[in-house]
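Colleague: Here is what each chain is made of, one letter per residue.
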Amino acid sequence: MRKRTLPQNKSNKRHKRESNSIPWRYGLMTLFFGLILVVGFFLAARQHFSSIEFGMKNSKLRRQIDELESEKRRLILEKEIALSPSEIKKAAKKIGLTTMTASNIEVYRNNGQSGVKSPTDKNAATKPSEKPEAETKPAQPSANKADDKPAKPDKPAKTEKKASDAKKTSDQKEKTQAKTVK
Amino acid sequence: MRRQAKKTKKKNPMQTAFTRFMLIVAFFILWIGGIGVRLVHLQINQHEALRDKALNQRRDQIKSKQLRGTIYDRNNRPLAMSVKVKSLYADPREIEDVEAAAKQVAGVLKVKPNEILKNLKEAKEHGKRFVWLARKLDENAVDKINEELEDRNLRKFDLPRSPGLYWREEQKRSYPYQTLAAQIIGFSNADDIGSAGIEQSQESNLHGAVIKGWQDRDRHGRVYDESDETEEREPPKDVVLTVSHSIQYKVEQALAAGVKSSNSKSGMAVVLDPKTGEILALANYPTFDPNRYTEFSVENYVNRAIHDNYSPGSIFKIVTYSGAVNENLINADAEIHFASKTIDVAGHRFSDHHSRSSMSYKDAMAVSSNVSAIRTALGLGKEKFFEYVQKFGFGKPTGIELPAEANGIVRPPRVWQGDSLASMSIGYEIGVSALQMASAFATIANDGVRVQPRIIKEIRQADGTVFSATEPQPTQVVTAETARDVRSMLRQVVVAGTGKRAQLNGYTSAGKTGTAWKFNAKTKRVDSSKYVSSFIGMAPADNPSVVIAVVMDEPRGGARDGGQVSAPVFREIAEQILPEMNIIPDSNIQQETLTAEQIPSETESLVPPVNENILGWSEAENQVAGEQNSANQTAGTAQTVQPVKEANNGAPLKENKAPVESDKKGVKEKPKPKATAQTSEKPKAETKNKSSGERAKQKT
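So the protein sequences, as listed, match chains A and B.
Here my numbering = 1-based position in the first sequence + 100.
Here my numbering = 1-based position in the second sequence + 10.
It is possible that part of the hints are untrue.
[Said to hold, decoys possible] If the Cβ cut is set under 8 Å, some of the chain B residues that face chain A in the computed set are:
1. Ala27
2. Phe31
3. Val35
4. Val93
5. His230
6. Tyr234
7. Tyr259
Hints listed in this document are in silico derivations from the structure and should not be mistaken for laboratory results.
C-beta atoms are modelled at their ideal positions from N, C-alpha and C, and glycine is treated no differently.
Can you make the complete structure from the sequences, with help from the hints?
Modeller: Structure, rendered in C-alpha cells:
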C-alpha cells in the first residue's frame with residue numbers, strides 16, 4: 101500500500117482547511133437559535149408581565165364601573181327621596197309655604213283683581229255672566245284722588261254681599277241643627 | 011506511527027466536531043428530556059395537588075350577591091330599590107391583640123367595645139375566621155372607617171389597612187317614598203328575602219342570587235385577574251306595578267285625613283280602573299315605613315283591603331239588585347209598594363228608615379231600603395242569588411298578585427238558615443274584602459264585564475325587555491243593559507240619597523253607601539257599638555273611568571254612616587285624581603254644604619239578622635240551624651208577600667202591614683213591637699238598643 105504525502109514546504113492554497121470552517125457555521129447557527137430563544141423568552145416574559153398589568157388595569161376598571169353603577173343607583177335613590185311628596189312637603193314648609201286650606205285660597209279674577217275668597221263663595225267663579233257685565237260698565241273716572249282705586253262694579257258686589265249673607269244664615273241654620281242633633 | 015496518528019487526527023476534524031456537537035445535542039436532549047419527564051410528572055401525576063397549591067397562593071374566592079330587582083310604579087318611578095353597601099367583618103386569627111383591636115374598632119364605630127371584644131374573643135377561641143363587626147354602612151361611614159383604621163406600616167392592599175379587618179359588599183333595600191304604598195310593596199328582611207307584599211309574592215323574580223367568583227392576586231395583593239360574574243347567572247328581574255305613586259299619595263292623604271276626622275280605628279281605600287282591572291292605588295291607614303319596619307306594629311303591615319273580611323252592609327245591595335235586574339225581575343224605574351217599614355223573614359224583623367208607601371227601585375236604592383232589597387232577593391231566590399254572588403267574585407280570592415288574600419266568607423245555600431237570604435241581600439252573613447267589593451262595583455262600571463283586578467303591570471328583565479305581562483281576563487257577569495240600569499240606581503244614591511256627600515265638582519258620580527255593625531268574635535254576635543262604614547263609587551257616572559272604594563273601620567266620631575264618614579273621602583280622592591287622569595269634566599255641579607237633614611241616614615235602618623254569627627259559627631252549626639229553620643217554615647208560617655215577579659222559594663216572609671197586593675189575601679197582621687217603631691226623631695242609640703234587645707228576645 102502506497103501512501104501519498106504532501107511536501108511540507110509546499111503550500112497548498114487551493115485547499116482550505118475544513119476543520120476551521122465547520123465549527124463557525126455551527127457556532128453561528130447556535131448563536132442565531134440561541135438568540136431566537138432568548139428573544140422568545142424575553143417576548144414571552146414581556147407578554148406575561150404586560151398581561152398581568154392589563155389584568156390589574158382591567159380589574160381596576162371593573163371596580164370603577166361597579167362603583168360608578170352603585171353611585172348611579174345611589175343618586176337615583178337620592179333623587180327619588182328628594183322627589184318624594186313628604187320631602188317636597190318638608191322643603192315647602194322650610195321656604196314658608198303652608199298647607200292649602202279653604203281660608204288661604206286666593207281666587208284670581210279675569211279682570212286682574214284678586215281677593216281672598218273661601219271656596220264656598222261661588223259668585224266669583226261660578227257666575228261668569230256677571231263678569232262681562234262688570235267689564236262692560238267701567239266706573240266713571242273721578243276727579244277725587246281717593247277714587248283712583250279701581251272701581252268695583254256694583255252688581256257683583258251686591259250679589260256677593262247677598263251670597264255672603266245667605267251663607268251666614270245657612271251657617272247659622274246648620275249650627276242650630278247641629279245643636280239640636282247633639 | 012506517531013506522525014501517521016497525527017495525520018489521522020488531523021484528517022477527521024469534522025467528525026470530531028460532529029461528535030462534539032452530537033454530544034452537546036445529546037446532553038440537551040437528555041436535559042430537555044429530563045425536564046420533560048419532570049414536567050410530565052408534575053403536570054400529570056401531581057397536577058391536582060399543585061394546581062390547588064398554586065390557586066391557594068394566588069386566588070381568593072369572593073362571594074357577592076346580585077342586587078335585588080327594583081319595584082317600579084306605572085310611571086317608572088322606583089318604589090323599592092337596592093343599593094350596594096359595605097359591612098365590616100374580622101378574621102380573629104389574623105388579629106394578635108384582640109383587646110386593642112376591639113377598642114380601636116369600637117371607637118371608630120362609636121359603639122361599646124365590650125360587645126365587639128366578646129365576639130372576637132369567642133371566635134378566636136373557637137378558631138372561627140369570620141365575625142361581623144358592623145353591617146350595611148353607607149359610603150361616608152366606610153370612608154371614615156378606612157381613614158381611621160389605616161395602619162401605614164402594614165403591607166395590605168385591601169381596605170381597611172388594618173390587620174384582620176375586611177369589607178364585604180352587601181346590599182340595602184331602600185324605599186324612597188317611605189310610607190307610600192307600604193302594604194303593597196311590603197319589605198324584605200335583613201337577609202334580603204321578601205317578607206310582605208310584592209316583595210314576598212315576587213320573591214322568585216326579584217331575588218338576587220349569590221354569586222361565587224374568584225380573584226387572582228399578586229404577591230402584593232393586587233388583583234390581576236377575576237371571574238366574570240355576569241355570565242354566571244341570570245340577573246334578577248324588575249317588577250312594574252299598576253299603581254301610580256301620585257294617585258297613591260293623594261289617596262293615602264285623603265284616607266289619613268278621613269280616618270283622623272272620623273276617629274276611626276283604621277281605614278282602607280282602593281282605586282281601580284274598571285276597564286283594565288288595574289289597581290291605581292290601594293291604601294291602608296295606619297301604615298308603616300318599610301325602611302324602618304321593625305319600629306312599627308305588626309298590625310300595620312297587614313294589607314287590610316285584601317286581607318280583612320267584613321260585613322259589607324247595604325253596599326252589597328248592588329249584587330241583589332244587579333241579579334234581579336239581570337233576571338228581568340225588576341227595573342230601576344219600576345215602583346215598589348210598602349205596607350210598612352218592616353218585614354219579617356223566618357221570625358226576624360228587618361226594618362227601614364224611610365216611611366214612604368211606594369217608590370221606585372232607584373229611590374229604594376237611594377234611601378238604602380232594606381225591605382226593598384230583601385223583597386227583591388226573595389224574589390230572586392236562593393240559588394240565583396248565590397249564583398250572582400259567586401259570579402261577582404265573592405267567596406274566592408280575586409287573584410291579585412299579593413300574598414295572604416282572603417277568600418271572603420260565602421256559605422252555600424244548603425247551610426243557609428231561614429233568614430239568611432234576607433240577611434245576605436243587605437250585606438250580612440257574608441264576609442268580603444274591600445277589593446272584592448270594589449271589583450263588584452267595577453263590574454257594574456264596566457258594563458257588566460268583570461276584569462280580574464291586578465297590581466302587576468309587567469315583569470322586566472335587566473335589559474328592559476318585557477319578561478311577562480299580565481293579560482286581563484274579562485268575564486261577563488251581567489248584561490250591559492243591567493249594568494247601565496244599576497248605574498242609574500247608584501247615580502240616584504249620590505243625587506238624592508245617602509251618598510250626597512259624594513257629589514263631585516265638575517264630574518258626575520255614582521255609588522253606594524254601606525254601614526254595617528261589626529261582628530264580635532267573643533260574643534259571636536254583631537256589636538251594635540262598632541261599625542264598618544263604607545262608600546264605593548265611580549266617576550264619571552255614565553262612562554266610569556275609575557272606581558273608588560273607601561272603608562272605615564269603627565268610626566268613633568259623631569257621624570258613623572258610610573255617607574257621612576266615607577263618602578267625603580271618596581269625593582276628596584275623586585276630585586284630585588280625575589283631572590290627573592285627564593278625564594274630561596262632565597258636570598258643573600258645585601259642592602254644596604249639605605246638612606244632616608238633607609241626607610237620608612242609613613244608620614237608623616240598620617237591622618242585622620238574628621244569626622249574624624257567620625264569622626264565628628262552624629258549618630255544622632249552621633247546617634243544624636238551617637234545618638231547624640226549615641222545620642219552622644214547614645210548621646205553617648204564612649207567606650204574605652209576592653213583591654216581585656217570581657215567588658219566594660226560600661224563607662217565609664211577612665210584613666207587619668201587608669203591601670197593597672197582599673192585602674187581598676187577608677193575612678193577619680203581626681202586632682208591631684215597640685222596639686221596631688223607628689222614627690227619624692228617635693236618637694240613634696235608643697234605636698240600636700231596642701233592635702239589639704229585640705234580637706236578644708228572638709234568640710231566646
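Colleague: Determine for every hint whether it applies to the structure shown.
Modeller: Now for the hints, and whether the structure bears them out:
Interface restraint check: alanine 27(B) against chain A, minimum CB-CB distance 5 Å, threshold 8 Å, status holds. Taken as an interface hint, phenylalanine 31(B) checks out: its beta carbon lies about 6 Å from the nearest beta carbon of chain A, inside 8 Å. Look at valine 35(B): its Cβ only gets to about 10 Å from chain A, farther than 8 Å, so that hint breaks. Because the smallest distance between the Cβ of valine 93(B) and any Cβ of chain A comes to about 5 Å, under 8 Å, the interface hint for this residue holds.
Taken as an interface hint, histidine 230(B) does not check out: its beta carbon lies about 10 Å from the nearest beta carbon of chain A, beyond 8 Å. The beta carbon of tyrosine 234(B) comes within 4 Å of a beta carbon in chain A, closer than 8 Å, and the hint placing it at the interface holds. Below 8 Å, beta-carbon pairs count as interface contacts, and tyrosine 259(B) has one with chain A at about 5 Å; its hint therefore holds.
Taken one by one, the earlier hints fail for this structure at numbers 3, 5, listed in ascending order.
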